[in-house]
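Enquirer: Knowing the structure of chain A, use the given hints to seat chain B on it.
Heads up: the protein sequence lines correspond to chains A and B, in order.
Numbers in my numbering are just positions in the first sequence, counted from 1, shifted up by 2.
Numbers in my numbering are just positions in the second sequence, counted from 1, shifted up by 3.
Some clues are possibly wrong.
[Claimed, not checked] Taking lysine-lysine and the DSSO-like style, the derived pairs with C-alpha atoms no more than 27 angstroms apart in a straight line are: (1) B:Lys143 to A:Lys77; (2) A:Lys15 to A:Lys84; (3) B:Lys144 to A:Lys77; (4) B:Lys143 to B:Lys128; (5) B:Lys144 to A:Lys25; (6) A:Lys106 to A:Lys84; (7) B:Lys203 to A:Lys66; (8) B:Lys178 to A:Lys15; (9) A:Lys100 to B:Lys144; (10) B:Lys192 to A:Lys77; (11) A:Lys106 to A:Lys147; (12) B:Lys223 to A:Lys66; (13) B:Lys192 to A:Lys100; (14) A:Lys66 to A:Lys100; (15) A:Lys144 to A:Lys132; (16) A:Lys66 to B:Lys192; (17) A:Lys15 to B:Lys223; (18) A:Lys106 to A:Lys66; (19) B:Lys203 to B:Lys192; (20) B:Lys192 to A:Lys15; (21) B:Lys178 to A:Lys66; (22) A:Lys100 to B:Lys143; (23) A:Lys77 to A:Lys109; (24) B:Lys177 to B:Lys231; (25) B:Lys203 to A:Lys15; (26) A:Lys25 to A:Lys132; (27) A:Lys84 to B:Lys143; (28) B:Lys144 to B:Lys177.
Treat the hints as calculated values from the structure; they're not laboratory data.
Each chain, letter by letter, is given below.
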Amino acid sequence: MNDAPRGIEVMHKGEGSLLTLLKEAQRRHGYLPEEVVSELAESLDIPVGEVYGVASFYSLLSTKPLGKNVIRICKCVPCYLKNSQAILETVEGELGIKPGETTKDGKCSLQLTNCIGACDRAPAMTINHKLYVDLTPRKVIKILKRL
Amino acid sequence: MLPLFGGDENLSVDMIPVTLNGTKVSAQPGMTILELARENGVDIPTLCYRPELTPIGACRICVVEVEGSRTLVASCHTPVAANMVIHTHSPKVLEARKVIVELLLASHPDVCLVCDKANTCELRKIAADLGVGLPRFRVKKRYHPLEDVSPYVVRDLDKCILCRRCLRACHEIKKADVFAIAYRGFDSKVVVDQDQPLNKSVCRDCDVCISLCPVGALTKREERFKEKKGPPLFIKA
Numbered sequence: 003m004n005d006a007p008r009g010i011e012v013m014h015k016g017e018g019s020l021l022t023l024l025k026e027a028q029r030r031h032g033y034l035p036e037e038v039v040s041e042l043a044e045s046l047d048i049p050v051g052e053v054y055g056v057a058s059f060y061s062l063l064s065t066k067p068l069g070k071n072v073i074r075i076c077k078c079v080p081c082y083l084k085n086s087q088a089i090l091e092t093v094e095g096e097l098g099i100k101p102g103e104t105t106k107d108g109k110c111s112l113q114l115t116n117c118i119g120a121c122d123r124a125p126a127m128t129i130n131h132k133l134y135v136d137l138t139p140r141k142v143i144k145i146l147k148r149l
Numbered sequence: 004m005l006p007l008f009g010g011d012e013n014l015s016v017d018m019i020p021v022t023l024n025g026t027k028v029s030a031q032p033g034m035t036i037l038e039l040a041r042e043n044g045v046d047i048p049t050l051c052y053r054p055e056l057t058p059i060g061a062c063r064i065c066v067v068e069v070e071g072s073r074t075l076v077a078s079c080h081t082p083v084a085a086n087m088v089i090h091t092h093s094p095k096v097l098e099a100r101k102v103i104v105e106l107l108l109a110s111h112p113d114v115c116l117v118c119d120k121a122n123t124c125e126l127r128k129i130a131a132d133l134g135v136g137l138p139r140f141r142v143k144k145r146y147h148p149l150e151d152v153s154p155y156v157v158r159d160l161d162k163c164i165l166c167r168r169c170l171r172a173c174h175e176i177k178k179a180d181v182f183a184i185a186y187r188g189f190d191s192k193v194v195v196d197q198d199q200p201l202n203k204s205v206c207r208d209c210d211v212c213i214s215l216c217p218v219g220a221l222t223k224r225e226e227r228f229k230e231k232k233g234p235p236l237f238i239k240a
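Next up, chain A with everything else stripped away, as it sits in the complex:
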């Protein structure tokens, strides 16, 4: 697996710092492996289920391995009204995967996310945390070709 130290330093017990630690773990491993979740629960002294609950709740955290490029398409109402459905269908068609899946070559993962704060320039998506706005199916195809 990863060469980086797996254990994440825990300063305080309890769920207070859980989200920060999960984000740090995700940054180090690319996703949240089962062992990391259970280790985190043990060092924070909270139930494993609770850690898993938080990890599975947020769309920015993943409990499954992700591809090299993570495409996150906004599924909230403003983007939906600006036809984010067409954007999603284009990406699905181009990559041949459904939301929550990763391409076989491990290059791209497609995910749906909640609001990314770009409602004024909807529809929006992010690729590896870089924001792409005012999308059209043609624009999306161009962006995907450059990956």
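Expert: Frame of chain A; chain B shown alone:
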């Protein structure tokens, strides 16, 4: 003659006046609307509420109208305040309750006739009381495979209504924290550890979650498909 113990006097000073369905009643401070209503013989249906557990207001069946409040409030976790004017069975409340039950039933499997919970199901009872038949909303049903790994508990999460009684019972009564809620929105689910099938030795002699499950989501393995000794289904409406 003066009373020896001034308890009654002090008590009446602390009581707060509340109007419940048009009648003036007095409530103890810190009391919830539901407790006040039940004390005064007003029946508010509840689903996620249990007197022995912390109220969380998850199911919203117990909503009541409080004059001056923007929204309907869940009576199980809203404390009474002085001069509150509460309507527990106004048309607005009954309509809201009905829709809530319809929404709960929309993703609940239509298997009442063969469900092991049968007439002891609280959701079915409330639906019957409120006169809810087939739900209007024909949406996709939740699908989770039946979990019968554990020799003690069988979980059928299709039927789960996410009232969180099992969670709270396990946390507050058994202090075992076996369950947690994971995922989001429609996919929300009561999970064990990292969404593993329930198979814990701590569940051996404890069926506190099973006894509190309002629907047929949790059943005791040895009591499945056996005769139920519940009260007969009594419909008020």
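Enquirer: Hint by hint, say whether it matches the structure.
Expert: Going through the hints against the structure:
With a CA separation close to 19 angstroms, the supplied pair Lys143 (chain B) and Lys77 (chain A) stays within the 27 angstroms bound. Under the criterion of a C-alpha separation no larger than 27 angstroms, the hint pairing Lys15 (chain A) with Lys84 (chain A) is inconsistent with the structure, at around 44 angstroms. Between Lys144 (chain B) and Lys77 (chain A), the direct Cα distance comes to roughly 21 angstroms. Compliance with the 27 angstroms bound is thereby established for this hinted pair. Proximity of Lys143 (chain B) to Lys128 (chain B) is assessed by CA-CA distance (about 23 angstroms); at most 27 angstroms being required, the pair is judged to hold.
Proximity of Lys144 (chain B) to Lys25 (chain A) is assessed by CA-CA distance (about 33 angstroms); at most 27 angstroms being required, the pair is judged violated. Taking the CA atoms of Lys106 (chain A) and Lys84 (chain A), the gap is near 31 angstroms; set against the 27 angstroms cutoff, the hint is violated. With a C-alpha separation of about 25 angstroms, the suggested pairing of Lys203 (chain B) with Lys66 (chain A) holds against the 27 angstroms cut-off. Under the criterion of a C-alpha separation no larger than 27 angstroms, the hint pairing Lys178 (chain B) with Lys15 (chain A) is consistent with the structure, at around 18 angstroms.
Taken as a hint, the Lys100 (chain A) and Lys144 (chain B) pair is honoured in the structure, with Cα atoms around 20 angstroms apart against an allowance of 27 angstroms. This hinted pair checks out: Lys192 (chain B) and Lys77 (chain A) have alpha carbons roughly 21 angstroms apart, not beyond 27 angstroms. Distance restraint check for Lys106 (chain A) and Lys147 (chain A): the Cα-Cα separation of roughly 17 angstroms lies within the 27 angstroms cut-off, and the hinted pair is therefore satisfied. Proposed proximity of Lys223 (chain B) and Lys66 (chain A) is contradicted: the alpha carbons are some 33 angstroms apart, above 27 angstroms.
Annotation: proposed proximity of Lys192 (chain B) to Lys100 (chain A) holds, straight-line Cα distance about 22 angstroms (limit 27 angstroms). This hinted pair checks out: Lys66 (chain A) and Lys100 (chain A) have alpha carbons roughly 15 angstroms apart, not beyond 27 angstroms. Between Lys144 (chain A) and Lys132 (chain A), the direct Cα distance comes to roughly 15 angstroms. Compliance with the 27 angstroms bound is thereby established for this hinted pair. This hinted pair checks out: Lys66 (chain A) and Lys192 (chain B) have alpha carbons roughly 18 angstroms apart, not beyond 27 angstroms.
With a C-alpha separation of about 35 angstroms, the suggested pairing of Lys15 (chain A) with Lys223 (chain B) is violated against the 27 angstroms cut-off. The hinted pair formed by Lys106 (chain A) and Lys66 (chain A) meets the criterion: a straight-line CA distance of about 14 angstroms does not exceed 27 angstroms. For the proposed pair Lys203 (chain B) and Lys192 (chain B), the alpha carbon gap of about 18 angstroms is at most 27 angstroms, so the pair holds. Pair hint Lys192 (chain B) plus Lys15 (chain A) holds up; C-alpha atoms about 26 angstroms apart against a cutoff of 27 angstroms.
Using a Cα cut-off of 27 angstroms, the hinted pair Lys178 (chain B) and Lys66 (chain A) is violated, with the two alpha carbons roughly 30 angstroms apart. Taking the CA atoms of Lys100 (chain A) and Lys143 (chain B), the gap is near 18 angstroms; set against the 27 angstroms cutoff, the hint holds. For the hint linking Lys77 (chain A) to Lys109 (chain A), the alpha-carbon distance of about 22 angstroms falls within 27 angstroms, and the restraint holds. With a CA separation close to 25 angstroms, the supplied pair Lys177 (chain B) and Lys231 (chain B) stays within the 27 angstroms bound.
Restraint check for Lys203 (chain B) and Lys15 (chain A): the C-alpha separation of about 25 angstroms stays at or below 27 angstroms, so the hint holds. Of the pairs offered as hints, the one joining Lys25 (chain A) and Lys132 (chain A) holds, with about 17 angstroms between alpha carbons and a cut-off of 27 angstroms not exceeded. Among the hinted pairs, Lys84 (chain A) with Lys143 (chain B) is consistent with the structure: their alpha-carbon atoms are about 25 angstroms apart, no more than 27 angstroms. With a C-alpha separation of about 32 angstroms, the suggested pairing of Lys144 (chain B) with Lys177 (chain B) is violated against the 27 angstroms cut-off.
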